Amino acid sequence: MKQPSLTHVLQPKWRTALQRLREERSRGGSGKLILLTIVGGLFWAGVFGVLFKILKYLRGVEELGPLIPAKILGLILLSFISILVLSNVITALSSFFLAKDLDLLVSAPVDWLRLYLAKLGETLIHSSWMVALMAVPILAAYGVVYGGGPLFAVYALFAIAPMLLLPAVLGSSLTLILVNVFPARRTRDLLSIVALGAAAGVILLFRLIRPEQLARPEGFRNLLDFLTVLRTPTSPFLPSEWSTNAIMGFLRNDVDPLPLVLLWTTAAAFVTLGALLHRGLFPQGFTKAQEGAERFIRGGFWRWTLGGLLHPLPVAKREFVLKDIKLFFRDTTQWSQLILLTVLVVVYLFNIQALPLRRGEPVGFFYVNLVSFLNLGLAGFVLASIAARFIFPAVSLEGRQMWLLRSSPLDLKALLWSKYWVGTIPLLVMGLVLTGLTNVLLEVSGFMMAVSLATMAGLTLAIGALALSFGTLYPQFETENAAQIPTSFGGLVFMMATIALLAAVLVVLSRAVYTYVRAAFEGQALGVTGEMMAWFALAAAICAAATVIPLRLALRKMESFEF
Amino acid sequence: MIRLENLTKLYGSFVAVDDISLHVPRGVLYGCLGPNGAGKTTTLRMIAGILRPTQGRVLLGGDDVHTDPLSAKMRLGFIPDRPFVYDKLTGAEFLRFVAGLYGQEGDAVERRIAELLEVFELTSWKDELVEAYSHGMRQKLIISSALIHRPECIVVDEPMVGLDPKATRLLKDIFRQFVEKGGTVLMSTHTLEVAEAMCDQIAIIQHGKIVAAGTVEDVRREHQAGNASLEELFLKLTGGAHVRALAEVLGS
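Protein sequences appear in the order of chains A and B. Under the numbering used here, the residues of the first sequence are numbered 1 to 563, in order. Under the numbering used here, the residues of the second sequence are numbered 1 to 252, in order.
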């Protein structure tokens, strides 16, 4: 029998993607496209600019100059490969074992090799597109600084493509083995915890070794040792090293075909071995993937603990809040993000604690207050990222069950209210603890402590409302994975709106704080003046408006939802 | 009990439901029949308050679903065709949650949950997460959830899909008893035998319009169908000639 082509097997995927684009365009999505292009362009320009400056500077440095750029590229590509293996393992689980089209493909007379290649291609694209986009400004900077010319673009593509393919094969093979050991849904739980735990560990480790110390001249005890380290390849067996050698060889006009040959032959061998492994293990693994993760939930932990606390609320609101909390803690992909969050907070506090602020008075007082004030912006940004992860997807996650909520007499206001407070109260506690602790570490005055805590409370209430509202205005009802929802266009708009809010509030408050710090610096009497009160009132009004208006808009949007 | 007045639903320029008016009295089991894409599900979802009509209104026991939704919905139990429920809740937790949405709690709800789970043979599954339930079990759970608050009327879209013969029979009995006690059921179905055996009255929908309504006998009389079965009547009203031609193609 003639087998369908790979393009044919993947037809539903690319046709769906094209159709989505068309729908976006017909919905007047050109504004969205322009915004995405601007943000993406700015990001690219930023990465390109920073790397361009570094590389240009290094080119002029003798001895170290030619070595460090290659080392930097090697490290960048190595980190890309590590990220890719992890993301391919997770993506392969969805595309090979949990995707909706698998029943159709497996039951159709499509041979195992077609299925493998189609799903490998899907895994590769889904997990590598971000890394590939990120590589563009980096390689462009290398190409421009070293005068690689237009041919370099083609050559770089040729050197990077197999490097993306290898982690895809490795990741999907690892997943195949894991699924044969555990049921697919358990494997997903396991992987999301392991992946986030690993990411958290790396961040923590990287921060705790205090890389900023390496920048101090006294750190280099022996230049010769340093040069030796730079000359040694990270590992001669790593594909990232081969890609680096191929790219740097081209840029130095010293083209050596060996790295490219190594890359492409290894990729071919990996695909062949991966295909053989797929032929042997996929049928068994796919069968195991159909098994549910059976779990009996006895007892009523939340009922007896939180249920009691929520008793004064009307029954509909209480049940809704309880339901949301249970769903959160029973979904591994959701709560496991708390691991990463904890690490971020630890790193944040560690950074504050490591700041060298108290080298002399009275400059110390000025800097402490300045840092404490700017800390509000940073903490606000951290809270916004958390809100994007946990509050923004709240309405989208109701998608398929909306029939129940809309056909029941639950007031939509109550629904929005429950979602808002379930997300905002933990955020508020966290915001206040984070600000309070950093201020204690900085040993700020009572005035700054009060201003910080009050501002943080106002900002958190507004950030929670913005997250929920933008999540309602840009819902993603069809997404199965909650972790993907914040990376949507709506998530981007939410982050931009939050940054604007933080900037507005900080600019307004800076006037009041400046008056206070100047008075302290000049040894004048410290007190809250009428002018300061006016600035505080304006900041409070901005926060209140950013809370109430978006929630009203969200309610109106929710009333117009149709399913 | 259920009254539709000039109900219309447009999707862009496509007319999904075209000026439907219908009255389903209390104590009646009413069947909504029609080919795929005729507008049955859209009509039922407008009655449940999930879709907003482009024109017209829906009254449940005198309350408008869209201007006075809370009191209208208190009377209603809705059973959709696709059983989407929260995967990470157990069966008992889901029923308790739905009861809460209708403002009900306490021992009476716990007793009702136990009773419904027993009737639908889900008692041994009550503490298991819904993600482990089969399609039919989810459907049974949703039917239980529609009954938990003792509604006055039930709107149900394709009730028998995914149910085993025993559960199908049980559901027929439940609906019959519900109607005998004064409740109202409006259901859409493709299973004409079910409609013929169960429904007191029917409406046949084609291209978003009601093309025939009343008792099966009324419809036969109106369309001079003699003693034709409901299936023959249905095919006659909804383009049976195409079906016969199709059968010939498939059989050749």
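Some clues are possibly wrong.
[To be verified] Straight-line alpha carbon distances no greater than 16 Å define the calculated EDC-like cross-link-like pairs of lysine to aspartate or glutamate that follow: (1) LYS317(A) - ASP18(B); (2) LYS126(B) - ASP87(B); (3) LYS413(A) - GLU118(B); (4) LYS209(B) - GLU232(B); (5) LYS88(B) - GLU115(B); (6) LYS413(A) - GLU559(A); (7) LYS166(B) - ASP87(B); (8) LYS126(B) - GLU115(B); (9) LYS209(B) - GLU5(B); (10) LYS88(B) - GLU559(A); (11) LYS172(B) - GLU158(B); (12) LYS88(B) - GLU131(B); (13) LYS88(B) - ASP189(A); (14) LYS88(B) - ASP324(A); (15) LYS209(B) - ASP18(B).
The set of hints was computed from the structure by calculation and includes no laboratory data. Note that the coordinates shown come from a computational prediction; the quantities given were computed from them, not determined experimentally.
Hint by hint, here is what the structure shows:
no., hint, verdict
1, LYS317(A) - ASP18(B), "violated, 37 Å"
2, LYS126(B) - ASP87(B), "holds, 13 Å"
3, LYS413(A) - GLU118(B), "violated, 35 Å"
4, LYS209(B) - GLU232(B), "violated, 19 Å"
5, LYS88(B) - GLU115(B), "violated, 22 Å"
6, LYS413(A) - GLU559(A), "holds, 10 Å"
7, LYS166(B) - ASP87(B), "violated, 25 Å"
8, LYS126(B) - GLU115(B), "holds, 12 Å"
9, LYS209(B) - GLU5(B), "holds, 13 Å"
10, LYS88(B) - GLU559(A), "violated, 26 Å"
11, LYS172(B) - GLU158(B), "holds, 12 Å"
12, LYS88(B) - GLU131(B), "holds, 7 Å"
13, LYS88(B) - ASP189(A), "holds, 13 Å"
14, LYS88(B) - ASP324(A), "holds, 10 Å"
15, LYS209(B) - ASP18(B), "holds, 5 Å"
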